[in-house]
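Enquirer: Given the sequences, and given the hints that come with them, work out the whole structure.
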Amino acid sequence: MSFFRVENLGIRFGGVVAVDGVSFEVKKGEVFTIIGPNGAGKTTIFNLVCLIYPPDTGRVVFEGREITGLAPHRVAELGIARTFQNIELFEHATVLQNLLIGRHRHRRTRFWQDLLFTPAVREAELAQREAVERVIDFLELAKYRDSLVAGLPYGVRKVVELGRALATEPRLLLLDEPSSGLNPEETDDMAFWIEDIKKQLGITVLMVEHDMNLVSRVSDRVLALNEGRPIAEGTPAEVQSHPAVVEAYLGAA
Amino acid sequence: MRFIFKTSYAQDLRLFQHGGQVFWYGLLLAALFSAPAWAGEYLMTQLVFVAIYSLVGFGLMMLTGFTGQVSLGHAAFLAVGAYTEAILAARGVPIFVSIPAAAALAAAVGVVVGLPALRLKGIYLAIATLAFNVIVEEIAARWESVTNGNAGMPVAPVTLFGHELEPDRGFYYLCLLLAVAACLACINLLRSPTGRAFVAIRDSEVSASCMGVNLAMYKTISFAFSAALTGVAGALYAHKVGFISPEQFSLLVSIELITIVILGGVGFLHGAVLGAAFVIVLPQAIAVAKDFLPPTMAPSGLQAVVFGIVLILVIIFEPMGLYGRWLKIRTWFELFPFYRRGMFRRQRTYTKTERLR
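For the protein sequence lines, the chains are E and V, in the order given.
Note that my numbering gives residue 93 to position 93 of the first sequence, counting from 1, and the numbers run on in steps of one.
Note that my numbering gives residue 382 to position 129 of the second sequence, counting from 1, and the numbers run on in steps of one.
FYI, nobody ran anything at the bench for these hints, they're computed from the structure.
All values reported here derive from a predicted model rather than from experimental measurement.
Honestly, I wouldn't trust all of these hints.
Reference excerpt, derived from the structure (chain V facing chain E, CB under 8 Å, subset only) [what the hints assert, rightly or not]:
1) Leu-266
2) His-416
3) Pro-420
4) Ser-445
5) Pro-446
6) Thr-447
7) Arg-449
8) Ser-462
9) Cys-463
10) Gly-465
11) Val-466
12) Leu-468
13) Ile-474
14) His-523
List time: in silico DMTMM-like cross-link candidates among lysine to aspartate or glutamate, alpha-carbon distance up to 20 Å [unchecked claim]:
15) E:Lys-143 with V:Asp-265
16) V:Lys-259 with E:Glu-123
17) V:Lys-581 with E:Asp-146
18) V:Lys-259 with E:Glu-133
19) V:Lys-374 with E:Asp-137
20) V:Lys-259 with E:Glu-91
21) V:Lys-259 with E:Asp-137
22) V:Lys-259 with E:Glu-130
We treat Cβ as the ideally placed atom computed from N, Cα and C, and that holds for glycine.
Expert: Structure (structure tokens):
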């Protein structure tokens, strides 16, 4: 049984075929990266996997279970977390509150208990807080714990978003351009964290990324897309030297 | 300035963060509970109305301020609560049955209104709830066998175990207790997973659903909870005014109710109380001012005009409302002389090209 598999995925927006016949498989414990020039359909694949858009064709299978057609929150409950390319944090909440929302899929209490703030809620909240603090330690976010997200610099927000996804304790983590908008040092940190997420936390990562330096450093396997179609798959080095990839990025010689 | 030294996670879950809060809120509660002893009849009536409007304020604040769902139809929930209470009270049903019934019926209606709300956003939701308000007002006017139509219906005074509650004493305590209980319920929700899910929906629906928040369920809960509090307020309102008719629940009332939230400060529970007090005091102030104005300057529509102007001014100059203004004043004193003008200005939010719908 494969860990995560996408079969013949396709979607069109009006006359534009954004993704067409994309299939790939992610093995448990690896970092799998999707690369491609602008408009190749990378983020659309993410939105299809999270089921924000229903796909026109194909299916998505996670741990032997077809997840196509589920509501987005059901996908999250199964253990798939994601970050967004342009950051979708809860702006008017603190970093701590943002990470706590990540714990939502682990909530055990009901509305009535919350209303009365019963001892069970208190106990659950303390447990959630401890889990969140582990993420804060892991990503070194302690000094921003009580700051409002609206006032934080871009690089920190990016890390907070990664933290929020980690707080869900996912089995599969989807990272949409983790290095976009980051300076070289921050990108370097991001590379370390992705390696740590894979090795220490044992979380499988599916990532979309432009920065080839980061890609070759952390990825086990790479899939190159162009105009919604897969053109090459293999190790970072293989894909980078593949003639179709070179052509897609630089044009035909 | 006060620095709180945090030594345990439980500290962040406490109702009060430090002794100062315990003192000031304790003082406020003591003043409110002893009010019948020192306040006159006029002030007591105002306090009862502030308590009732605060209940609506809490409900609307949870829905609009924390879940981000605008409602221009809350007068309809007020009407559902008021009519339920009036009809049950006329049949001699005791209040500890009739008030929960008013809340439950309003919540049920809230769920029905909430269901289309799952597909509507922002201004479209406002229009849908506005239409709902008009429908309920019309039903109240036409369903004469139950509501007595435009002739209105009298509401019996509140009785508890066969004793009639005095309006300035027993009934005041009833309103105060319910308002305090509602406030505690809101605080509890906000420090637990349900409240966090509300705030997540307000700030970004896409990422809330990607974190596992069931949008449909939490929006419905928010609508139902908000409607239930408003229904309780409606029941109390019916007893307080003693007579209800459809025009008491018109669209203008809904706008007055949303004014509570906006004036008080969207996203602050304190704002619900401050806004309620303001909305109660303003008409009185206008009435007093009318005596000093020449007759040509005091037309009958003055109140609506003043409400409109105040609402516009607040939205332009103090989007954080009365509570936001208070926070700024407090920060100014705490930081003196280091307060800067731009301190509460939020940094530009980064452009969100990916935002869906």
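Enquirer: Please go over all the hints and tell whether each is borne out by the structure.
Expert: Checked hints:
1. Leu-266: Check passed: Cβ of Leu-266 of chain V comes within 6 Å of chain E, closer than 8 Å.
2. His-416: 29 Å, violated
3. Pro-420: Given a least distance of 30 Å, the restraint on Pro-420 of chain V is violated.
4. Ser-445: Since chain E brings a Cβ to about 4 Å from Ser-445 of chain V, closer than 8 Å, the hint holds.
5. Pro-446: 4 Å, holds
6. Thr-447: Since the shortest Cβ distance to chain E is 4 Å, the answer is holds.
7. Arg-449: With a closest approach of 5 Å, the Arg-449 of chain V hint holds.
8. Ser-462: 4 Å, holds
9. Cys-463: 5 Å, holds
10. Gly-465: 4 Å, holds
11. Val-466: 6 Å, holds
12. Leu-468: 7 Å, holds
13. Ile-474: 6 Å, holds
14. His-523: At 16 Å from the nearest chain E Cβ, His-523 of chain V fails the 8 Å test, so the hint is violated.
15. E:Lys-143 with V:Asp-265: Judged against 20 Å, a Cα distance of about 16 Å means the pair holds.
16. V:Lys-259 with E:Glu-123: 18 Å, holds
17. V:Lys-581 with E:Asp-146: 19 Å, holds
18. V:Lys-259 with E:Glu-133: 14 Å, holds
19. V:Lys-374 with E:Asp-137: 38 Å, violated
20. V:Lys-259 with E:Glu-91: Status violated; Cα separation ~24 Å.
21. V:Lys-259 with E:Asp-137: 17 Å, holds
22. V:Lys-259 with E:Glu-130: OK: Lys-259 of chain V and Glu-130 of chain E at ~15 Å, within 20 Å.
Consistency note: the structure conflicts with the earlier hints numbered 2, 3, 14, 19, 20.
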